[in-house]
Amino acid sequence: MARYIKSVKSKAGIAPGTLLYDDYQEVPVSIDCYLRKNENTIFSQITLDEVIPIVQGDGNFWINITGTPPLSWYEKLSQDLGIHKLTLEDILSSNQRPKIESYETYNFVSVKMIYKAKQKGQGALMEQLSLIETNKGVITFQHTELDTFSGIRSRLENVNTRIYKLDPDYMVFCILDTIVDNYMIITEKVGARIDKLEDQLLSGAKMPHFVAKFSAHQRELNVLRKNVRPVKEVMIQIMKQDNVWVKPEHLPFYNDVHDHLLLVVETIDAYRDLLSDLLNIHSTQVNNSMNEVMKTLTIFSAIFIPITFIAGVYGTNFDYLPELHYKYSYFIFWCVLVVVAGAMLWYFKRKRWF
Amino acid sequence: MARYIKSVKSKAGIAPGTLLYDDYQEVPVSIDCYLRKNENTIFSQITLDEVIPIVQGDGNFWINITGTPPLSWYEKLSQDLGIHKLTLEDILSSNQRPKIESYETYNFVSVKMIYKAKQKGQGALMEQLSLIETNKGVITFQHTELDTFSGIRSRLENVNTRIYKLDPDYMVFCILDTIVDNYMIITEKVGARIDKLEDQLLSGAKMPHFVAKFSAHQRELNVLRKNVRPVKEVMIQIMKQDNVWVKPEHLPFYNDVHDHLLLVVETIDAYRDLLSDLLNIHSTQVNNSMNEVMKTLTIFSAIFIPITFIAGVYGTNFDYLPELHYKYSYFIFWCVLVVVAGAMLWYFKRKRWF
Amino acid sequence: MARYIKSVKSKAGIAPGTLLYDDYQEVPVSIDCYLRKNENTIFSQITLDEVIPIVQGDGNFWINITGTPPLSWYEKLSQDLGIHKLTLEDILSSNQRPKIESYETYNFVSVKMIYKAKQKGQGALMEQLSLIETNKGVITFQHTELDTFSGIRSRLENVNTRIYKLDPDYMVFCILDTIVDNYMIITEKVGARIDKLEDQLLSGAKMPHFVAKFSAHQRELNVLRKNVRPVKEVMIQIMKQDNVWVKPEHLPFYNDVHDHLLLVVETIDAYRDLLSDLLNIHSTQVNNSMNEVMKTLTIFSAIFIPITFIAGVYGTNFDYLPELHYKYSYFIFWCVLVVVAGAMLWYFKRKRWF
Amino acid sequence: MARYIKSVKSKAGIAPGTLLYDDYQEVPVSIDCYLRKNENTIFSQITLDEVIPIVQGDGNFWINITGTPPLSWYEKLSQDLGIHKLTLEDILSSNQRPKIESYETYNFVSVKMIYKAKQKGQGALMEQLSLIETNKGVITFQHTELDTFSGIRSRLENVNTRIYKLDPDYMVFCILDTIVDNYMIITEKVGARIDKLEDQLLSGAKMPHFVAKFSAHQRELNVLRKNVRPVKEVMIQIMKQDNVWVKPEHLPFYNDVHDHLLLVVETIDAYRDLLSDLLNIHSTQVNNSMNEVMKTLTIFSAIFIPITFIAGVYGTNFDYLPELHYKYSYFIFWCVLVVVAGAMLWYFKRKRWF
Amino acid sequence: MARYIKSVKSKAGIAPGTLLYDDYQEVPVSIDCYLRKNENTIFSQITLDEVIPIVQGDGNFWINITGTPPLSWYEKLSQDLGIHKLTLEDILSSNQRPKIESYETYNFVSVKMIYKAKQKGQGALMEQLSLIETNKGVITFQHTELDTFSGIRSRLENVNTRIYKLDPDYMVFCILDTIVDNYMIITEKVGARIDKLEDQLLSGAKMPHFVAKFSAHQRELNVLRKNVRPVKEVMIQIMKQDNVWVKPEHLPFYNDVHDHLLLVVETIDAYRDLLSDLLNIHSTQVNNSMNEVMKTLTIFSAIFIPITFIAGVYGTNFDYLPELHYKYSYFIFWCVLVVVAGAMLWYFKRKRWF
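Chains as they are written, first to last, in my numbering: chain A, 17 to 370; chain B, 17 to 370; chain C, 17 to 370; chain D, 17 to 370; chain E, 17 to 370.
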């Protein structure tokens, strides 16, 4: 189950900028490289040692690094490319708040990818994506193999797409766009389940697991919101810097992502409100049901307790109990019982209890 | 039942600006065209092919396109009139957040029309209206036939109205004005039903369907709010750009729409507060009722259980049970019962239970 | 019962600026005119035809128009005095959001007057006041006869008052001041009733009508808030324009009204919080009461049900039931009953149920 | 019991600036005067007639006026010292919102003093303090005798204190400082009682008066907040005007008061949150308790009702009831009773009801 | 148990700037001094008298003063180093709101250190840290021995660390960084306990101590929030002053701390929301459980009360009670009982009560 924060205990008191995986699980390194040379974009799998020469080279590039490279390689990155130690610390961390930071020679963006798990019934997975944008290209870091880039990869194979030119500016947009689209898909999935929950609730069906389901959905929305909302600030900051990093002709695209993000955030908030309404409705239904139950009990009790008492009286063994000996006593006795019970029923009917 | 978001799954990972209906249901195209020539405004039904020449021509115009033109036509629109691909993507989408976007040669506005269904008992319908304002005229896009423009159409037939001149600036105002007026009508309808619900609740009538009604109204208000509130930002942005697109003499009109919008939004919020109060009141009423029920049960039980016990004692078959044999036992027995029951009644009376 | 919005259906789709009473009930027109000539302020009742000449004349004036003049007269007002059609539309409407609008030759202010009904037990009445301030005087429009201007009228008869000079600027202040003072009186009346409700609630008295009273007060506060809060914005806008319309020496007076308005708004909000606390307290009291009721029931049941069972056992007619035949059985039987009942009492005592 | 607003009825419609006690109770006038002459600060009791000469004189001064001077004296103050009529109206009022107003020749500050009552069990008292700061000294007005100035008085007797110089600027600081310190003391007292209430609640003690105590504390906090929060704005406005009225070397002192005020406001808000949590906890405890009660009742009923029924069956007087005549019937009868009761107990045990 | 505010009673009315421990408990003074001379950083324990010469000397320094130096020493500090009396008052206080204040020759920062107690089960401890930054070094004041500086101390022993140069600017960053890291550790610990509480709650386990635990966690979060949130303002103010006090190359480090602080604050808020959801869920569970209990009671009662009544009827001793004498009466009697009980069961089954 996803928790709000992960352990950072090991790092308190350690010098800032110290390179350290805060949640290390070794994953083999695999590097996809798209490199633009002579008007062509060529895909190749490269090794860690080839990354720095490409970044320092001429062509536009997108390098996507999957897995956990050794810390020594990050040290080299810092020295050769002038990446700040704090940036590398953020890349190594798996619990970074979404943010953008501008340095002289590069922009650093950290966001969370959220995507559907491939196995059914496993819910959404979340992974941190770190992105370094230089004036020539984009390097992305992801700790595990799964990502949301399949659409981008297929478009990169098509010469006629705008992305094919590997303009770093447009590349960053495409990556953020696909991530935000996945936010929407996940939000929609959670929302569909909440809508279903509402239908069940309002249909009056018995819902023994309502609380558990409610709580699970609420948690999912909370995790989504916590990771999606700071991205709004990231987008706003990117669009502020338009003069330097974002080409004017790409601004409408960033605007579009920002729009989608707003829609996601509003949808998440709308579903949070809906969930909270559902709990209220459930609670009201339980109360209504309890009220019905109590009325049933009270009607039964109020009818039978008095007449049981009357029967009890004539079950006593007093020597001198005159009523017992009249011939029509038993008949009158039943009449009294019926009258008492009828009076009770009339009383509750008048009170509109049924 | 209206859901918060519609499916966008098919689009994640697809290149932005790709033209695609996200929720395609073919509707035959029908185009109304009002064209101003030689001081006259002439109405005609035109075909898709005639749209672009008219837009490129001299006269002021309002072209209202109903239905789903083929994607190829949109491509042509983009090439011949310089409409941005993202704008066309937004027109094709049916789940666009209300917004305004200014491009060099045109303004793009996307809002939701909400109007009463013609058939009774069907509630409100919602449709997206996309609007392109050039310096000569206005093109509006709606996917289905129903709209809220009947008032505008009848005024366009009257030479003496201000709208007759087809000034694009004033035309946009008229369209937004009629849309916002319909927001108010729908809000008023929902509000009237909520007011009725409140009257029923406070009259103390039995309300077995309160929760369902409450939930339906809440949902309606949520959908209204979600679609109406962003229009406020649209209005504010339109009025900011007064120097370029809005003529100074039309500013008071836009101000008026903004005012009505504020009234709608405040009314929606007031009804949301009212609804939430109603749930609280209902819940308190249920609790009060339950309390009454419990008191009734307790009074009955507390009076009859002790005296039934006493009757039970004298129903035992002990050989040696002296009280049974005294002549006045039965009379004393009844006295005891009456005293016990009376004491109980006095006790509950003192506790103000009835 | 006051509703949140009134019908505007008839106006949707009609050209803006069309003059139309949206809630027409004919009220005979009656016009009070205070006119300043030769250092004297003279009161007279005038007719509709005399209004325009006075406004166009030399002296300062306050013209208070009560009732519903014919639409044709408003048309003349628009033509002769240059009043914008939208302003007149707002005057004719009875459901205008409080606002201020500045035109070149006049200021338009629309607020709600709220005042105590003359008949007892009728609560507060509300009426729209429209005000046009020119550089010479003030015209006010009210649809019905009742108003809150008696204090102003009596001061206008006194030569020594500042108001006697009919300075339009100071006149507007006096009108807003008396309206805001009435807000405070009404708020105070509602507040006094809420304070009384709280005292009753905390005194532990039986409150069968609590929910209805609560709901009525909440509604009153909501209506007050909805009409008072936008006036704050009106005041802020008036004080912004001090260079043109408000003479510097009158600014402290406007400041004073703004201060009172803040006090009213804070008081309304404080009472809303208090009301919501009262519902919580009521709900807690009901729960506590129910808890007591349940405990009483449970104590009675738990004491008598076991001993009634024991009596039942010895009421059976088994041929072989040895205990029935011992001499001291009945005595022992009572001892057992007392012990069982005592044990129960001790158990509930230890659990602190009473 | 402190109410939110006091009566202002008598003033609606009366000309603004009319001098009038809105809540008049005659209190004899007593005036303390500290006057600085020849490097010495001399204390004396003076009469109303001596006030104006001292204010117009040379030396720095602090004049503290206790009680209700006649209205004619205020008129003189207005004429001789140029105090605005609205300022005097605010001094006479006892229901003024805390505020600061700057006039050309003086600053006017109105705040509420809140202090512990001298008699035990009487809670906090509140009194309005009006303060006029001229460039030479400070005049303070309080309607009753009690105040929070004892610390200031004793420091004024000591030649070595900074306050001894009677710098008006520093004097105002000292007065506000002592008032804010008293806010903190009162907040702390209320808070200590709330903390005690929490301890009692969490210790599980029986709390029959919880609701009344809760409500009293909530009211105290509301009154505190209503009077303390606007003082924050007053402080911010004082510190904005530093160039004119506050000497730069005194700014850190004002900063300090502002800091304390923030602490008070945050503490009040924290206790309000705590109180609201306490009500929730109390409510949950009542529900839990009711649940326990219901379980007890249900267990008793479910065990004894079935076996009482069985005893009832064998108490019937059917002629042909074979079981009654077997020798071991009574023994078997008890076995059945024990088995049934045991089964019930096992069932509830399994359901974890006890 | 941590309370919101501590006693400040003794200080109200006392001249501001008076040096006084507001919560005095004598702790022996112990002073750690790191002094940079000739490119080396030397650690030594020094006495109070050595502090001022070092501060006035040449080298960079970090002096950490633990305990309660005599008031006379603070007087000397004020005179010799020009520390403002209000700064010293804040250092002596133990209940200071986190803040930063800039004076001409130094910056003053006051924050709370929160750290894990060394003994198990004791929860978090909190201590005020006061920090004076001059252009040469940093003096820190802590009243008790415990702190969160062990990581800093070990890095100061290592020549290769950036901190070794004792740059005051970087030193302040390191101190704030370690404090904020400890906020995160404590938040995480509280959060882990809340996550555990949620798991228990959702697993359906019996939770008799839920309310106490809930309340304890809520209090912890409130104390955390109250002390952590103002630090955000401190950080923002530090980063504003970058031109003077913070060297540009250290700004990314401060940014990093600010980022971590945001993460802590968001995490605290997220856990507060979660806690409040948990109370709602608990409350719903209790209600559901009560509903189940009531249904059980009602089913038992409704089945057995009617048939017990029937048995009671045939237990009466009427002389003429014909049914008693038929041979199959007893058999029919049982049939009736079974039919009545069966009908009840069928009725509740249809109502889906079990």
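Possibly wrong hints are sitting among the right ones.
Identical chains blur together in the list; that is why a pair holds if it fits in one copy or across any two.
EDC-like mimics (lysine to aspartate or glutamate), calculated; alpha carbons at most 20 Å apart, straight line [claimed, not checked]: (1) K229 / E161; (2) K242 / E214; (3) K101 / D272; (4) K263 / E204.
Worth flagging that the hints you see were computed from the coordinates, not collected in a lab.
Just so it is clear, the structure is predicted and the values come from calculations on it, not from any experiment.
Against the structure, the hints come out as follows:
Neither within a single protomer nor between protomers do K229 and E161 lie at most 20 Å apart by alpha-carbon distance, with minima of 30 Å and 41 Å respectively. Taking the shortest Cα distances, K242 and E214 sit within 20 Å of each other only across copies (19 Å), while inside one copy they are farther apart (24 Å). For the identical chains of this complex, K101 and D272 are inter-copy neighbours only, at 11 Å across copies versus 33 Å inside a copy, given an alpha-carbon limit of 20 Å. Proximity of K263 and E204 under a CA criterion of 20 Å is satisfied in neither setting, with 32 Å inside one chain copy and 42 Å between copies.
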